[in-house]
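S.K.: Following the hints, complete the assembly by docking chain B onto the known chain A.
Chains A and B, in that order, are what the protein sequence lines are.
Position in the first sequence counted from 1, then plus 139, gives you this note's numbering.
Position in the second sequence counted from 1, then plus 515, gives you this note's numbering.
It is possible that part of the hints are untrue.
Unchecked claim - Result set (DSS-like, lysine-lysine): computed pairs, CA atoms no more than 25 Å apart in a straight line:
#, chain 1, residue 1, chain 2, residue 2
1, A, Lys470, A, Lys386
2, A, Lys202, A, Lys142
3, A, Lys377, A, Lys476
4, A, Lys229, B, Lys667
5, B, Lys600, B, Lys667
6, A, Lys149, A, Lys202
7, A, Lys149, B, Lys667
8, A, Lys476, A, Lys399
9, B, Lys697, A, Lys240
10, A, Lys237, B, Lys697
11, A, Lys399, A, Lys377
12, A, Lys248, A, Lys305
13, B, Lys600, A, Lys149
14, A, Lys199, A, Lys156
15, A, Lys193, B, Lys667
16, A, Lys149, A, Lys237
17, A, Lys470, A, Lys430
18, A, Lys305, A, Lys318
Unchecked claim - Sample of chain A residues facing chain B (criterion: CB under 8 Å; computed from the structure):
#, residue
19, Ala221
20, His225
21, Ile238
22, Leu270
23, Met434
Because the hints were derived from the structure by calculation, they are not lab data.
C-beta: ideal position from N, C-alpha, C; glycine also.
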Amino acid sequence: MLKLKHLHKKLGDFELKDITLDINEDEYFIILGPTGTGKTVLLELIAGMYHPDKGEVWFKDSKINQLYPEQRNIGFVYQDYALFPHLSVKENILFGLKIRKMDETEGRKRFQEIVSLLNIENLLERFPSTLSGGEKQRTALARALVTSPRILLLDEPLSALDPRTKIVFQEELRRIHDKLKTTTLHITHDFSEAMALGSRVGVMHNGEIVQVGEPVEVFRHPNSFFVAEFVGAENIIKGRADGRVIKVGDGIQIKTIYEKEGTATLTIRPEDIIISRKHLQSSAQNSIPGKIVNMINQGPLFRITVDSGIILTALVTIQSVEEMGLKRGEKVWTTFKSAAVHVL
Amino acid sequence: MKKSGVWGQNIFFTSIVAVSIAFLVGFIALTISMILIRGGPNLLSSIGTREIQFAIRLSFMTSIISTLLCILVAVPVAYGMSRFKFCGKRFVKTILDIPIALPPVVSGVALLLLFGTTAFGHALAARGLEFVFTTQGIILAQFFVNVPYMIKVLQSTIENVDPRMEFVARTLGCNRMQSFFKITLPLARNGLMAGIVITWARALGEFGAALMFAGATRFKTETLPVSLFLNMSVGDLKLGLAAATILIIISVTSLFVFELMGGHQFEISRQGN
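So here's chain A without its partners, still in its complex pose:
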């Protein structure tokens, strides 16, 4: 539906390089990347605040590079909401309808629908400066959605909210998208948002899209060291690959199902590592002895770090820790399947 073809843009310190993306109708697409990587500039390019230096923006079958922002029918919500401070919440929301001279009955119906969907009936007469972060967020969303945009662009919509409001609002965003089915492009630096909301995610690094896929897929199979680190992968270990064996640390051989030669980085998710007292004979093909160097209680789980010549972190339930009587300094085995060893 929205197609970006080889977009380039240099703007001060930001540079977007060869951005190519294809966003489907009704999709909730997340662009994930660290702060300062040019994500906002990308949204502003799509909305028409800037012209790309090179490349094209397509909507369905028409190229929209040359269209003014007001001709693109795009909903835009900034991180700080950019509500019009001199207008009440109601006037803010009605702004787009009035400008587009929408039929009054239809406009009123749409207004009511959006206001009740976002649950802001009681805010309508207030001014932006008196609203909380969450209330501003709802108002900004309502203002963008009321004009039935072809695509909704959200610039870090949750990052200015406190953690509790954030969780609530994340659910709201999902509910709103389920209801209205507005194609949404949401940018964030927080992978958990991508996991919770995104049907697909594109990871951005230094102005480039480095990986696109379903969030679980990206999380499970990061295609680079950067993505692995950014989506919160642990146990990132460098070594030398020789077919389906990777040599790491001091002569440790780790088996994998991925074939590679030469320098390689492997990742193993902590939840894929089993910790035991004895050497396990199972279908798991890697079993390495080591010593517990750290144990951190994280609610129902323990995060246990084992030094086996390489440092591995595993997640273990409290129950298992108690049953095995695990303590710091004790000898244990770390066991994981060859399929759990991802090679970058």
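M.R.: Relative to chain A, chain B alone:
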């Protein structure tokens, strides 16, 4: 001992600051009060004279018209200077600032040369637009001298309005002009008001450029400052001081209003609604 030395130095420095402030406030207040004390008692009877009434009317008329002209021109110029990028912008900015740096008398002479001695000026005059030694001349002189101030005040206010506000308005369907009138201008309202007040007050007191360009003729181009000048130069202290008193009252009032406008942030003023 050392400590008391530091203490002594601090007291010394604070004293210098305090004395300087006290001296300057006293000096200004005393000077201004001289006019109010001398001019005040005769103010009402002077206002009754035909000459002062003429000066008041002419001053108000010319200053209001020139202020309106300033708004008309300064709003788009200030917008362009704060929002558009173009080559030679620094050069344009310097040109726009020239009237601020020039002594108004020089501006007056320049206007006189342009409209009085060139084919351009004669062509305008032939079409009925006579500026030299006329009321229109006063207006033009006030406009020329004051428009840069209006631009400066407006430009800094517009620069303070987040351009993303305009952009969001455009995603909602506004064209550039609509987003300017519906978003930027209302948000720059205080700056605009402050600009109007300061420009008007300066126009009312404009003397040098108007004197050169429009002349100082009784009952013709006699604004309040010109009236003050004419009456003082023939020794009519009573009428002269009346004009001065009126000018002081207007200046101080508008300074006060200006501070009020500039000191208030828009959001705060709107919170009370």
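S.K.: Determine which of the earlier numbered hints do not hold for this structure and return their numbers in increasing order.
M.R.: 4, 7, 12, 15, 16, 22, 23
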